[in-house]
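Read top to bottom, the protein sequences are chains A and B. Taking the working numbering, the leading residue of the first sequence gets 1, the next gets one more, and so forth. Taking the working numbering, the leading residue of the second sequence gets 1, the next gets one more, and so forth.
Since the hints were made in silico from the structure, they are not lab data. Note that the structure is predicted; figures quoted are calculated from it, not measured. Don't be surprised by glycine CBs; every beta carbon is placed ideally from N, CA and C. Be a bit skeptical, because a hint or two may be false.
From the structure, some residues in chain B lie toward chain A, with a derived Cβ separation under 7 Å [stated by the list, open to error]:
#1 Gly43
#2 Gly108
#3 Gly110
Listed below are the residues making up each chain.
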Amino acid sequence: SQTIHQWPATLVQPVGSPLSLECTVEGTSNPNLYWYRQAAGRGLQLLFYSVGIGQISSEVPQNLSASRPQDRQFILSSKKLLLSDSGFYLCAWSATSRNTIYFGEGSWLTVV
Amino acid sequence: AQSVTQLGSHVSVSEGALVLLRCNYSSSVPPYLFWYVQYPNQGLQLLLKYTTGATLVKGINGFEAEFKKSETSFHLTKPSAHMSDAAEYFCAVSEGRRGGGADGLTFGKGTHLIIQP
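Isolated chain A (complex conformation):
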């Protein structure tokens, strides 16, 4: 069966520091990968998606970037965090376009 894991689960970082959140999917190949952010009272916002290694599409211009160095690895990064980057970040995958999206456990980021 397929599994998805992301880490770290919680992170407290000072303003201006870098960020790296990692996500891996097991039990499938060539998945579509996604990063979402969840802010209180605002639902989930799609940040990035990827259909293959090195292929990243950004949905929202912002202080964050994403990379996919391997088929089942998806990384969310920032060079300098802002207070507004605080939130709950969710990695997700799907087998194909329009198929069910499965979510990881989430990562709480607090920028102080």
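Given the coordinates of chain A, work out where chain B should sit on it, guided by the hints.
Showing chain B alone in chain A's frame:
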């Protein structure tokens, strides 16, 4: 562009009562519709989905939803609420607009379901 509206950020029902969580969507193409549940500090878990075919969809934990094209709705129901149903519920739509590429979901803002003993 696709969008999702969930009426009521908080819904409170008594244990054993009917649960009704409302979701309306807009989409320029036939939509795929989803309901997810989120327990505190966890990721989202799929409850049910509608793609094509039968408009009444049954999911896990006794939930079901009915796709009504004329009303652009996909309301979630459960006949009898249980304390363990207390969680955040998200409705989402997929439009498949990025021809050939990935298609992320567009989510509503969520409804917090409170179960009164």
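| Hints that the structure is at odds with (numbers, increasing) | No hint contradicted; all consistent.
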